[in-house]
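S.K.: What follows is each chain in one-letter form.
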Amino acid sequence: MSDLTVSNGTLALAFILVLIALYIGYQEKLKFNKEILIGVVRAIVQLAIVGYVLKFVIHANEIWLTLACFAIIVINAGWNAGKRGNGIPKAIPISLFAIAVDTITTVAILVATGSIKFIPAQIVPFTGMVASNIMVAIGLCFRNMKQTFADRHQQILEKLALGANIKLASIDILRESIRSGVQPTIDSIKTMGLVSLPGMMSGLIFAGVDPVKAIKYQIMICFMLLESTSLGSIISCYLAYKQFYNQQKQLNDELIS
Amino acid sequence: MIEVKNLNYQVGQQKILKNINLQVPRDAYITFIGPSGSGKSTLMRIIASMLNATSGEVLFNGKNQSEYEPTHYRHKVSYAFQQPTLFGRTIKENLEFPYLVRRKEFDRSLVTQYLEMVNLNETYIDKSVNDVSGGEKQRIALLRNLIFPPEVLITDEVTTGLDTENKTIVRKLIDQFNKERNVTVLRVTHDDTEISEAHNTITIENGEIKNV
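Top line first, the protein sequences correspond to chains A and C. Under my numbering, the letters of the first sequence match residues 40 to 296, in that order. Under my numbering, the letters of the second sequence match residues 257 to 468, in that order.
Looking at chain C on its own, in the form it has when it is part of the complex (with noise of 0.2 Å):
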């Protein structure tokens, strides 16, 4: 589904990425780990066309990134961020945000379906930004990549800072959507259990790859 060929990305003489190589397929759920600084973010914003590599490719289905729309892409390519903001005054704003993105009109018996998966209820939608807890926060923030499921979800470090309760609701919510809704996952992270109970893992050092 996702394929990267020999991708490098420097800034000035910096080399971030070096010559990476990458298939993922299908419904896979990868879990990135290595250093601070390694590259990780890099190369998970380069796929999500965040970001233009220095050389290389990066294929989605079979077709070069550069040859799809940039917002039709990121529709299918979905980039959640570690410390995401919410948008405008209400949490509703967020929620809509996918629906003025697609131009379609707002359903909030959904959204509310959608709030219910991660322990939040009807009322939330119209509580002001200002209202929620980090927790309640980052799992609002997700909500927003996964209204409209993407083919595949990139999460960077979307659990960091959290406490117990919400990662487990956060990890609760990928996984819900990458077995039941086949979405491909890629995820960044330095959290020790979701490491320890990861399936399939890379390792990035220095820009490279250590181990597929």
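Okay, chain A solo, but in the shape it has when bound (with noise of 0.2 Å):
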């Protein structure tokens, strides 16, 4: 466990790492190294600050605090994910109401199971990597919703004029757009082990756990963001795509263009 210790100085060195990417962003004019500054500096002041409140939250150990917490985790992945739906109404209540249903779902599952305890230290953690998949899979099946309603706007008034319902007129798109936020998930899994050693379980593996146990553990975060990220695309695309039509049951022509 000692190894893991990391000093200021050593971080400092390792910043290194970023001023070689500000060097190939500014001679390739790739126009992000103000992105890149705003964004390490970001990440050094939240997790700073999340790193002392999980500090104060593990040690208080209380009920409402850790739920506070979840609920934190659970609002802010919301709103992200309603941001990628800009354009679609009520995307961001959409986001919410996925992300919640799907976090309980899930952590209530874990607890359930007795996978992992009704604690602080566990709660918070997986609550995040749970709550974070489903920000990013709904992010993407909005992103994809918008474009494919765009590309397939004449087909669905065809659809429509033919007498489909809008479910019927637009389940091409919603199967895609469920696929595109699912995807990225099953192809991280794919190749789990042979790309990349998952967060998790390189985490514990740092921490001097035994590798074994450590794979069981993401073998189960595995079956968790599969299940967690589909629900989250199944719930928001089929709250979402209705977004795309009026009463009368027409293709919001404001919304395609």
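Treat the hints with caution; some may be incorrect.
[Said to hold, decoys possible] The list that follows gives simulated cross-link-like pairs (lysine-lysine, DSSO-like), each with its CA atoms no further than 30 Å apart:
#  : chain 1 : residue 1 : chain 2 : residue 2
1  : C       : 319       : C       : 332
2  : C       : 360       : C       : 319
3  : C       : 435       : A       : 206
4  : C       : 332       : A       : 288
5  : A       : 281       : A       : 122
6  : C       : 383       : C       : 428
7  : C       : 348       : C       : 393
8  : A       : 129       : A       : 206
9  : C       : 319       : A       : 288
10 : C       : 466       : C       : 274
11 : C       : 274       : A       : 206
12 : C       : 428       : A       : 281
13 : C       : 360       : C       : 348
14 : A       : 206       : C       : 348
15 : A       : 206       : C       : 466
16 : C       : 428       : C       : 348
17 : C       : 348       : C       : 261
18 : A       : 288       : C       : 348
19 : C       : 423       : A       : 281
20 : A       : 288       : C       : 393
21 : A       : 255       : A       : 94
22 : A       : 156       : A       : 255
23 : C       : 393       : C       : 332
24 : A       : 206       : C       : 383
25 : A       : 206       : C       : 360
26 : C       : 348       : C       : 319
27 : A       : 288       : C       : 271
28 : C       : 383       : C       : 423
29 : A       : 281       : C       : 319
30 : A       : 288       : C       : 360
31 : C       : 360       : A       : 281
32 : A       : 156       : A       : 288
33 : C       : 261       : A       : 288
34 : C       : 274       : A       : 288
[As the list claims (entries may be wrong)] Estimated spans, in silico, between C-beta atoms of each pair:
#  : chain 1 : residue 1 : chain 2 : residue 2 : range
35 : C       : 328       : A       : 225       : 18 to 26 Å
36 : C       : 373       : A       : 232       : 30 to 38 Å
37 : C       : 313       : A       : 189       : 26 to 34 Å
38 : C       : 328       : A       : 140       : 32 to 40 Å
39 : A       : 67        : C       : 322       : 56 to 64 Å
40 : A       : 258       : C       : 322       : 54 to 62 Å
The hints are simulated quantities; they were obtained by calculation from the structure and are not laboratory data. For each residue, glycine too, the CB sits at the ideal point set by N, CA and C.
Starting from the two chains in their separate frames, assemble the complex, guided by the hints.
M.R.: Structure representation (structure tokens):
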């Protein structure tokens, strides 16, 4: 465990890696240096704050504090995923609802099966992991949905003109959008151990845990991520596609153009 | 059968349709003519329930359009597009779509009969949508509207861009459904032959009906 100590000096030296990225950005005129600097500053500040908050929450070990952390993570994830659906009415409430239902379901199953304990040291990191993955999945779903509705505008009009209900008119888009949300999780799971050693597993091995035990944990996380990204994508897509239509089951042209 | 009363449509400050009043009797075959941008297609889309009027009403069989469930209404009043797209990968997916909409089993022999009406044959059912010409595409698209004959068929410049042979096939099909199956037809066209052969024309200019 003592191997995990990172001194401030080491951390400062590791900043050389960021400087390399900045140099490449400058040389290649990639125009992302400002973004990198903002990202780095935000990451340092946010992680420092979170580090102290987590230390306090874990030490306090209060249910209400754990639940407050849970709510903050879910709200933030919902808000950010919703912003990806900019232009889709009610995108933020939809993503908030999907992430809340999905995260509660997933974490509740893990607690009920004894996979994790209802203590802040386990609930908070797991909630973060679940919510962030659903957030990314929903963001991808929304982006794909907006794009495909625009691309297939004419086809949907024709299906509606033939008397299709809005679900039948949008079913291809719905399926593709859900798939786009879940696909990155499937891809990462397929290559797990071959291309990457996932964060949780790497962290446990880093911390000196037996790799076999770490792998068991990781397998559980794979199950959890598959379920949560699938459920989150399905809930959000099934609620979002309806927003592209009005009450008369006509395509809402303002959203498409 | 269809009655349009004091219908107006505007986008922002621009008035597209101005106080349209119209009566379409059952089995009629009406040809709508007028310059591009005069509002013909907009009127057709409103009658087809694809667009909402700003004010006024559309009555179908004596009942306000808004009282119908939109999908059921569109089974009865079917709109055919100028440049249709074919869905999915095969022609079958397109000809199956009207069955899917009505939750009915695909009837291959009936569909073959329909294909023969537009000079195509059974082999087309399994063809890829990429393997048909523009004219064939339009004929197949029109069949999607007609496999379950609607009470009203609205055709919006469906022969535009087709060669003479394809235009004749499409016109013949529409005529046949009008005469033999009592399908009321509202046709928008710019085609000189179609206009000269039409018995009942309505001219729309600047969003207003000029003659009935």
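S.K.: If a hint holds in the structure, say so; if it doesn't, say that too.
M.R.: Status of the hints after comparison with the structure:
This hinted pair checks out: residue 319 of chain C and residue 332 of chain C have alpha carbons roughly 13 Å apart, not beyond 30 Å. Distance check on the hinted pair: residue 360 of chain C and residue 319 of chain C sit about 27 Å apart at the alpha-carbon level, within 30 Å; holds. Between residue 435 of chain C and residue 206 of chain A, the direct Cα distance comes to roughly 35 Å. Violation of the 30 Å bound is thereby established for this hinted pair. Straight-line distance between C-alpha atoms of residue 332 of chain C and residue 288 of chain A comes to about 16 Å, which keeps the hinted pair within the 30 Å bound.
Distance hint between residue 281 of chain A and residue 122 of chain A is fulfilled; the C-alpha atoms sit about 18 Å from each other, no more than 30 Å. For the suggested pair residue 383 of chain C and residue 428 of chain C, the alpha carbons sit about 24 Å apart, so the restraint of at most 30 Å is met. Between residue 348 of chain C and residue 393 of chain C the CA atoms are separated by roughly 12 Å; this keeps the pair inside 30 Å, and the hint holds. Proposed proximity of residue 129 of chain A and residue 206 of chain A is supported: the alpha carbons are some 18 Å apart, at most 30 Å.
Taking the CA atoms of residue 319 of chain C and residue 288 of chain A, the gap is near 19 Å; set against the 30 Å cutoff, the hint holds. For the given pair, residue 466 of chain C sits about 11 Å from residue 274 of chain C by alpha-carbon distance, which is consistent with the 30 Å threshold. A threshold of 30 Å between alpha carbons decides the hint, and for residue 274 of chain C with residue 206 of chain A the separation of about 34 Å lies outside it, so the pair is violated. For the hint linking residue 428 of chain C to residue 281 of chain A, the alpha-carbon distance of about 39 Å lies beyond 30 Å, and the restraint is violated.
Restraint check: the Cα-Cα separation between residue 360 of chain C and residue 348 of chain C comes to about 14 Å, which is no more than 30 Å; the hinted pair holds. Only pairs whose Cα atoms come within 30 Å are accepted, and residue 206 of chain A paired with residue 348 of chain C is accepted, the gap being roughly 20 Å. A distance of roughly 40 Å separates the Cα atoms of residue 206 of chain A and residue 466 of chain C; the hinted pair therefore is violated under the 30 Å criterion. Restraint check: the Cα-Cα separation between residue 428 of chain C and residue 348 of chain C comes to about 23 Å, which is no more than 30 Å; the hinted pair holds.
For the suggested pair residue 348 of chain C and residue 261 of chain C, the alpha carbons sit about 40 Å apart, so the restraint of at most 30 Å is broken. For the hint pairing residue 288 of chain A with residue 348 of chain C, the CA-to-CA distance comes to about 26 Å; that is within 30 Å, so the pair holds. Taken as a hint, the residue 423 of chain C and residue 281 of chain A pair is broken in the structure, with Cα atoms around 38 Å apart against an allowance of 30 Å. For the proposed pair residue 288 of chain A and residue 393 of chain C, the alpha carbon gap of about 26 Å is at most 30 Å, so the pair holds.
A C-alpha spacing of about 26 Å is found between residue 255 of chain A and residue 94 of chain A, which places the hinted pair at or below 30 Å, so the restraint holds. Our distance criterion of 30 Å between C-alpha atoms is met by residue 156 of chain A and residue 255 of chain A, whose separation comes to about 16 Å. Taking the CA atoms of residue 393 of chain C and residue 332 of chain C, the gap is about 23 Å. The hint holds against a cut of 30 Å. The straight-line distance between the Cα atoms of residue 206 of chain A and residue 383 of chain C is roughly 26 Å, inside the 30 Å bound, and the hint therefore holds.
Between the alpha carbons of residue 206 of chain A and residue 360 of chain C the distance comes to roughly 17 Å, so the proposed pair stays at or under 30 Å and holds. Between residue 348 of chain C and residue 319 of chain C the alpha-carbon distance is near 35 Å, which puts this suggested pair outside the 30 Å criterion. Pair hint residue 288 of chain A plus residue 271 of chain C holds up; C-alpha atoms about 24 Å apart against a cutoff of 30 Å. Taking the CA atoms of residue 383 of chain C and residue 423 of chain C, the gap is about 22 Å. The hint holds against a cut of 30 Å.
For the given pair, residue 281 of chain A sits about 27 Å from residue 319 of chain C by alpha-carbon distance, which is consistent with the 30 Å threshold. Taken as a hint, the residue 288 of chain A and residue 360 of chain C pair is honoured in the structure, with Cα atoms around 22 Å apart against an allowance of 30 Å. Proximity of residue 360 of chain C to residue 281 of chain A is assessed by CA-CA distance (about 25 Å); at most 30 Å being required, the pair is judged to hold. Between residue 156 of chain A and residue 288 of chain A, the direct Cα distance comes to roughly 47 Å. Violation of the 30 Å bound is thereby established for this hinted pair.
For the proposed pair residue 261 of chain C and residue 288 of chain A, the alpha carbon gap of about 22 Å is at most 30 Å, so the pair holds. At roughly 25 Å between alpha-carbon atoms, residue 274 of chain C and residue 288 of chain A fall within 30 Å of each other, so this suggested pair holds. The hinted window of 18 to 26 Å between residue 328 of chain C and residue 225 of chain A is violated, with their beta carbons roughly 40 Å apart. Our hint of 30 to 38 Å for residue 373 of chain C and residue 232 of chain A is violated, since their Cβ atoms are close to 60 Å apart.
Look at residue 313 of chain C against residue 189 of chain A: about 32 Å separates their beta carbons, and that is inside 26 to 34 Å. In this structure, residue 328 of chain C and residue 140 of chain A meet the distance hint of 32 to 40 Å, their C-beta atoms being roughly 33 Å apart. The hint said 56 to 64 Å for the Cβ distance between residue 67 of chain A and residue 322 of chain C, and at roughly 58 Å that hint holds. Between residue 258 of chain A and residue 322 of chain C the beta carbons are some 55 Å apart, a value that agrees with the proposed interval 54 to 62 Å.
Figure legend: structure checked against the earlier numbered hints; hints not met, in rising order: 3, 11, 12, 15, 17, 19, 26, 32, 35, 36.
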